[in-house]
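With my numbering as the guide, the letters of the sequence shown map in order to residues 66 to 127.
Fair warning: there could be bad hints in the mix.
[Said to hold, decoys possible] Derived CB-CB ranges, DEER-like:
1) Ala-70 to Ala-108: 11 to 21 Å
2) Asp-126 to Ala-87: 17 to 27 Å
3) Asp-73 to Glu-107: 16 to 26 Å
4) Asp-73 to Leu-96: 29 to 39 Å
5) Ala-87 to Ser-116: 32 to 42 Å
Bear in mind the hints are in silico, worked out from the structure with no lab data behind them.
Even glycine gets a Cβ: it sits at the ideal position worked out from N, Cα and C.
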Amino acid sequence: GDVTAWLDEVADINLTMKETSACGLGQAAPLITESLLRYFPEAVRAHIEGSALLETERTDDE
């Protein structure tokens, strides 16, 4: 996928939600994607490009 186009669209949606939401929940909803992009940009990019592999490991604590 086109990473730049996806990021631009998400930024536009986030801004629209913040500016038009009537309550705090709607205004806070974009924080999820903003945090993902801030703290895990490589993982987001890999998922958009379709090259991400998910690895999970179960421990005895789970």
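Hint by hint, here is what the structure shows:
The given range of 11 to 21 Å is respected by Ala-70 and Ala-108, whose C-beta atoms sit roughly 19 Å from each other. The hinted window of 17 to 27 Å between Asp-126 and Ala-87 is violated, with their beta carbons roughly 42 Å apart. In this structure the hint that Asp-73 and Glu-107 lie 16 to 26 Å apart at CB holds, the actual value being about 19 Å. Restraint check, Asp-73 to Leu-96: a C-beta distance of roughly 18 Å breaks the suggested window 29 to 39 Å.
Range check, Ala-87 to Ser-116: Cβ separation about 39 Å, and the 32 to 42 Å hint holds.
The structure fails hints 2, 4 (numbered hints given earlier, in ascending order).
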